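Asks: The listed protein sequences derive, respectively, from chains U and A.
Our numbering numbers the first residue of the first sequence as 1 and each following residue consecutively.
Our numbering numbers the first residue of the second sequence as 1001 and each following residue consecutively.
The hints are simulated quantities; they were obtained by calculation from the structure and are not laboratory data.
As the structure is a prediction and not an experimental result, all values here were calculated from the model.
Every residue, glycine too, gets a C-beta built ideally from N, C-alpha and C.
Do not take every clue at face value.
Residues on chain U that point at chain A, a partial pick, calculated with CB under 8 Å [to be verified]:
(1) Arg16
(2) Phe18
(3) Arg74
(4) Leu92
(5) Phe106
(6) Ala109
(7) Glu113
Derived SDA-like pairs: lysine to any residue, alpha-carbon spacing no greater than 25 Å straight-line [unchecked claim]:
(8) Lys1008(A) / Ile103(U)
(9) Lys1008(A) / Glu1089(A)
(10) Lys1008(A) / Ala1067(A)
(11) Lys1008(A) / Ala52(U)
(12) Lys1008(A) / Glu96(U)
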Amino acid sequence: MVVYQGDQPGAGDHDRVFHALADATRRDILARTLTGEHTVSALAEAYPMSFAAVQKHVAVLEGARLISKRRRGRERLVTANVETIRETARLLDQLELIWRQRIDRFGAALDEEEEDEGK
Amino acid sequence: MTVTNVEKDPQARTMTITAEFEAGVERVWRLWSEPRQLERWWGPPGNPITVTAHELRPGGSVDFVVAGDEQRRPRGWRVLAVEPPHRLEFDLSDPNIPTVRVEVAIAAREGGGTLMTTGFSVPSVEAMDELLAIGFDQGMAVAIGQIDAALAD
């Protein structure tokens, strides 16, 4: 479970994630890498575009932490980062956690205010 | 615990949190409507906020910065509706989450005190819907199960 602590930037930089997912090719790349590692070369063969174009898509996915890359010799292997995906899908859970804590603080501030007024 | 009820509807992408307080409606409203009061509870203890603008009117902005955010990324509300002391509606932006619409309703509780409901709505983001669709289409549930199983070892 991801614990949201205040305003730490975490694996869930959602604007980047949504931008990354806004492209059909990138969604397809992500889908392929969910079920296993692929080299960038192997991925590139699946799409009617240049290798450089595929590399750019992979870079956007990596920037959004939806995928991670590792090196194996001269190859670059790409795998989906399931945790980022799960975190995004659990947005409401995150919201609940933030707001439960926020409303607890709200209640405490109300009590303090009462003390301040000398009631 | 002041929160008395939480309802979530993932299909509709909404959530409602209900809270009850002994304090009266006007005091509860002040915690939203006065910038120095808002600063006392909005941010977590280690990262309090400073309100830099507070225009509580339709179309107005409430802006703040968070202590500890060196980049001083903008956060705040775009106010949609205000009906003091009972209702407030705004779009909330924060770097970590997509824009959330928030609707606050403050009402006197029978027998004294205040009932406050905060409603949240996450807009339909095609990309997010696609993400969820990918998850099911491509057997992500299986992948997650494998990861969870590995973590449990």
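Asks: Decide, hint by hint, whether the structure agrees.
Replies: Hints, one by one, checked against the model:
1. Arg16: With a closest approach of 10 Å, the Arg16(U) hint is violated.
2. Phe18: holds (4 Å)
3. Arg74: violated (27 Å)
4. Leu92: Status holds, d = 5 Å.
5. Phe106: At about 5 Å, which falls below the 8 Å cut-off, the nearest Cβ of chain A leaves the hint on Phe106(U) intact, so it holds.
6. Ala109: The hint holds - Ala109(U) has a Cβ within 8 Å of chain A, the shortest such distance being about 4 Å.
7. Glu113: Holds - the Cβ of Glu113(U) comes within 8 Å of chain A, reaching about 6 Å at its closest.
8. Lys1008(A) / Ile103(U): Holds. Lys1008(A) to Ile103(U) sits at ~17 Å (cutoff 25 Å).
9. Lys1008(A) / Glu1089(A): Judged against 25 Å, a Cα distance of about 19 Å means the pair holds.
10. Lys1008(A) / Ala1067(A): violated (30 Å)
11. Lys1008(A) / Ala52(U): Violated. Lys1008(A) to Ala52(U) sits at ~43 Å, over the 25 Å cutoff.
12. Lys1008(A) / Glu96(U): holds (9 Å)
Consistency note: the structure conflicts with the earlier hints numbered 1, 3, 10, 11.
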